[in-house]
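J.: Here is how the chains run, residue by residue.
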Amino acid sequence: AQTVTQSQPEMSVQEAETVTLSCTYDTSESDYYLFWYKQPPSRQMILVIRQEAYKQQNATENRFSVNFQKAAKSFSLKISDSQLGDAAMYFCAPLTSGNTGKLIFGQGTTLQVKP
Amino acid sequence: DTGVSQDPRHKITKRGQNVTFRCDPISEHNRLYWYRQTLGQGPEFLTYFQNEAQLEKSRLLSDRFSAERPKGSFSTLEIQRTEQGDSAMYLCASVLGEGNTEAFFGQGTRLTVV
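Top line first, the protein sequences correspond to chains X and P.
1 is the number of the first residue of the first sequence in this note's numbering; add one for each residue after it.
1001 is the number of the first residue of the second sequence in this note's numbering; add one for each residue after it.
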């Protein structure tokens, strides 16, 4: 079974600074996707960034980038130039193979952005 | 298209009562998922539909839980004889189809069992 570990329950960053959220996972599959989802308070979860495991190049989406270490099964999210709107709970989630497409979520990291 | 819609947003019920939640996915999304999220935790998978067929159910989905997607469009999740442990946020997500990976989530239904 897949497991996902986010070891930082809470993180804090100063506005305009950079913060990195960590995630490790365990899977026996060789081809899969990894996601970071953001869940703002009282709002729906949205996709932040996606990484395909077969791609060596780390995904980047504007201020968001990942550091994907396949051998180490590590998938961290870096947020540059943090903004107040980045405050939310962030979830790391691998996508299982097969046809179901269900997500396995980590415990989440609550990010606070200080003005 | 207004995204994934869930109704109601909040539900308070007495222990032992039955409750039903509704999810309207993004139109033309043929995959639909239900997740349960307790406070401060990540969502946990409950069940998955491809069109009207329920293809996977988690062990978390006890026999008091039933989900349907009768015409492959909206879905309902019913909990019978609710227990305090059922108190959680119930999230619905939809995906366009096979080959697509991005899940679009609704705002959830928060259930409180008193």
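Check before you lean on any hint, since a few could be wrong.
[Unchecked claim] Straight line, CA to CA, 25 Å or less: simulated DMTMM-like cross-link-like pairs of lysine to aspartate or glutamate:
hint, chain 1, residue 1, chain 2, residue 2
1, P, K1057, X, E15
2, X, K73, X, D31
3, P, K1014, P, E1052
4, P, K1057, X, E29
5, P, K1014, P, E1056
6, X, K78, X, D31
7, P, K1057, X, D26
8, P, K1011, P, E1098
9, X, K55, P, D1007
10, X, K78, P, E1102
11, X, K73, P, D1086
12, X, K55, X, E10
13, X, K55, P, E1028
14, X, K70, P, E1102
[To be verified] In silico contact screen, one side only, chain X against chain P (beta carbon under 7 Å); selected entries:
hint, residue
15, V13
16, G106
17, Q107
In case anyone wonders, no lab produced these hints; they're calculated from the structure.
All figures in this text were calculated on a predicted structure; none of them were measured in a lab.
Where is the CB? At the ideal position from N, CA and C, for every residue including glycine.
J.: To test your reading of the hints: which numbers does this structure violate?
T.: 1, 3, 5, 8, 9, 11, 12, 13, 15
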